[in-house]
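With these hints in hand, go ahead and build the complete structure from the sequences.
From first to last, the protein sequence lines stand for chains P and A. Each residue of the first sequence is one higher than the one before, starting from 1 at the first, in the working numbering. Each residue of the second sequence is one higher than the one before, starting from 1001 at the first, in the working numbering.
Derived by calculation from the structure, the hints in this document are not laboratory data. Don't be surprised by glycine CBs; every beta carbon is placed ideally from N, CA and C. Keep in mind that a hint or two might mislead.
Unchecked claim - Quick look at which bits of chain P chain A covers, simulated, 3 or more residues with Cβ under 8 Å:
#: 1; stretch: 124-133
#: 2; stretch: 190-196
What the hints assert, rightly or not - Label pairs and their computed distance ranges (CB to CB):
#: 3; chain 1: P; residue 1: Lys138; chain 2: A; residue 2: Phe1096; range: 28 to 38 Å
#: 4; chain 1: P; residue 1: Pro106; chain 2: A; residue 2: Trp1237; range: 50 to 60 Å
#: 5; chain 1: P; residue 1: Glu197; chain 2: A; residue 2: Leu1177; range: 28 to 38 Å
#: 6; chain 1: P; residue 1: Leu264; chain 2: A; residue 2: Leu1126; range: 47 to 57 Å
#: 7; chain 1: A; residue 1: Leu1177; chain 2: P; residue 2: Lys138; range: 11 to 21 Å
To be verified - Short, incomplete list of chain P residues facing chain A, as computed with Cβ under 7 Å:
#: 8; residue: Val140
#: 9; residue: Glu146
#: 10; residue: Ser147
#: 11; residue: Asp172
#: 12; residue: Ser173
#: 13; residue: Thr174
#: 14; residue: Ala182
#: 15; residue: Pro185
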Amino acid sequence: MQIRFLAQTILAGLLLATAAQAQTVTVMGSTALGPIVKKAAEDFMKSHPGVQIAVSGGGSMTGLNQVTSGGCHIGISDVFATPEQDKAGVKNHNIVVQPFTLIAHPGVGVKTLSAQQAEQVFTGKISNWKEVGGRDQKIVRVIRPESSGTRAVQKKAILHDHDFSKDVLIQDSTGAVVTAVATTPGAISFVELEHLEKNKTRIAAVAYNGVACSNEAVKAGKYPVFSFGHAYTNPAKLADPKVKQAVDGFLAFILGAEFQQNVLKAGYLPVDYVKSLKTQL
Amino acid sequence: MPDAPETALIAAPACRVGDSADSRVEANPSARTPTFRQSRAHRLMDRWANLAFLACSLLVVGLIGGILFFLASRGLAAFLPMAGNTGRTLAFSEVFLSADWAPSSDRFGILPFIAGSLGVTGLALLIAAPTGTLTGVFIAKLAPAWMRDLMRQVMDLLVGIPSVVYGIFGLTVVLPLVSRTWLGEAPASGFAVSAVILAVMIVPTIVSLSTDAFESLPSSLDEGAQALGSSRWQAIWHVLIPAARPRLITAAVLGLGRAIGEAMAVQMVIGNNPQWIALMRESTDRAPFLRALFTPAATLTTELVQELPNTPAGSPWNNVLFAMGLLLYLMTMVLILATRRLGHRKEA
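Okay, structure coming up:
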């Protein structure tokens, strides 16, 4: 028995020792970006056996907070860092492009909104679908909570930084938003393009300025509503050169041509689609 | 103790440790029967077990205290200049006396959430307390035995259903139904549906407790009332319910406690609009109260669950959310203390 116990201890010790030799990179943050980064981590670990990459969620702000304080090596986020975090020295890497689209309940009878109409619908100046050429029905604005990244994008891109109407319905997640729009007559909302494609039978797309949201339209520069997925690092907290090397290697891998083609399958666009375009989102 | 008979020593509970046990064994060595050996090992074990129990209870007390301390330190950071704060320090009045909540525009009034929590819980109790109490009377006094057993089991099952299930039911069944039936397809999110869902959630708790309350009443009360010629209804209304009143109130307060802390189910159906008070003020509706029942609103718990994970630590926004958590904690605490006091009054 004792010999067996001894053998087990030595084996465990050896395992621990080898694990310690592998470089572990921790990634935290946005649950929306989680799956695509996890996929990148798997591919990267296959070609780099000495590196372990652990991806966990927690939300964009958690990722930014943690990377600022040194709690993780890479913080992934749907939104830009706060000015305080920028001051602390975090460094931004845009890793993917996320297109957004307006959606509505199928019965509203409106297929497109001009930029001005879209703004006025959400600020509350327009409150009935007949004012924009649809049915005589009250507009129900479904939006995300104030701290959500999607809402920040919507406020900048659609509302041009005006305040949302006070008459809104708020849903916590994109899934809940889609369900609310599908079941509430007169509802309008704003979601990532991939959620529209997954729910085409339940909700209707609304074009923006006459252009329907699509990968091609974004690539051609005709569709202006998109944001970046961000990966933040904090160079000041990356003291260990080996960890730094692994982090840099991983980010370079995500931005590499091969993986950037993979992001298309997950509903994102490669960053160089919009290289020539300027956005603050 | 020294002249206690041997049997008393054998029957003495093992959990009484300390010097007396030691001295007793020394004084009476013949007490070492095979069934109850006060060996060294046993005494040691007793002592360790005692320590373990003490440690567990200290852990629980420490946890509760720790949570309170954590909430208080983060919550009060909104109002006091503390290390780790990244924004400005807020005044009490602009948080607790304002109904304007727009944190990204630097406005932090939490009145809508307080009013929302109180409103939706109050409405839920208004529905659940009478229903639950009367069901309790039925189960305890009127139902045939087979039905009584069945109802008790059903109520116990209902208490255990996770709140998210009620939420999904509300979101996918009740909301569309109400909106189609009464509101001309306008969205039904708001106090009314949330209160109904909450009421369904807390009725089982109230029923279980009030059934116990009625069952614990001496049957002489019921029999006496009927012997004096009162009808079934009169006996229940004039004798049984007043006699059980303290315990019925306890049942209601416990239900209230469950309702006020509920987040998931409410979050799914209430519409989560923090600007609902401002919206109501602007509305020119002729029946403002009815309108309020179907206006998307928000509560302390729903706002916490939605915003807390996504706000930067140390910002006024995050700190105010913690202050809301602290407020919720204190409200629940007051409710529990109230339950205690009511429970004691019944003994007197």
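Right, here's what the structure says about each hint:
Taking a C-beta to C-beta cut-off of 8 Å, the stretch 124-133 of chain P contributes 0 residues in contact with chain A, too few for the three needed, and the coverage statement is violated. Counting residues of the stretch 190-196 of chain P whose CB lies closer than 8 Å to any CB of chain A gives 0, which falls below the minimum of 3, so the coverage claim is violated. Taken as a hint, the range 28 to 38 Å holds for the pair Lys138 of chain P and Phe1096 of chain A, whose Cβ atoms sit roughly 34 Å apart. Roughly 53 Å separates the CB atoms of Pro106 of chain P and Trp1237 of chain A, a value that falls within the hinted 50 to 60 Å.
A hinted range of 28 to 38 Å for the beta carbons of Glu197 of chain P and Leu1177 of chain A is consistent with their spacing of about 30 Å. At about 54 Å, the CB distance of Leu264 of chain P to Leu1126 of chain A agrees with the hint of 47 to 57 Å. Distance hint check for Leu1177 of chain A and Lys138 of chain P: the Cβ-Cβ separation is about 19 Å, which falls inside the suggested range of 11 to 21 Å. With a cut of 7 Å, the hint placing Val140 of chain P at the interface with chain A holds, because the nearest CB-to-CB distance is about 5 Å.
Checking Glu146 of chain P against chain A by beta carbon gives a least distance of about 6 Å; that is within 7 Å, so the hint holds. Below 7 Å, beta-carbon pairs count as interface contacts, and Ser147 of chain P has one with chain A at about 4 Å; its hint therefore holds. Annotation: Asp172 of chain P was flagged as interfacial toward chain A, and the flag holds, the nearest CB pair being 5 Å apart, inside 7 Å. A least Cβ separation of about 9 Å between Ser173 of chain P and chain A goes past the 7 Å threshold, and the interface hint is therefore violated.
Evaluation of the Thr174 of chain P hint against chain A yields a violated restraint, the C-beta minimum of about 13 Å exceeding 7 Å. With its C-beta approaching chain A no nearer than about 10 Å, Ala182 of chain P sits outside the 7 Å limit, and its interface hint is violated. Satisfaction of the interface hint for Pro185 of chain P is found here, the shortest Cβ-Cβ separation to chain A being roughly 4 Å, below the 7 Å cut-off.
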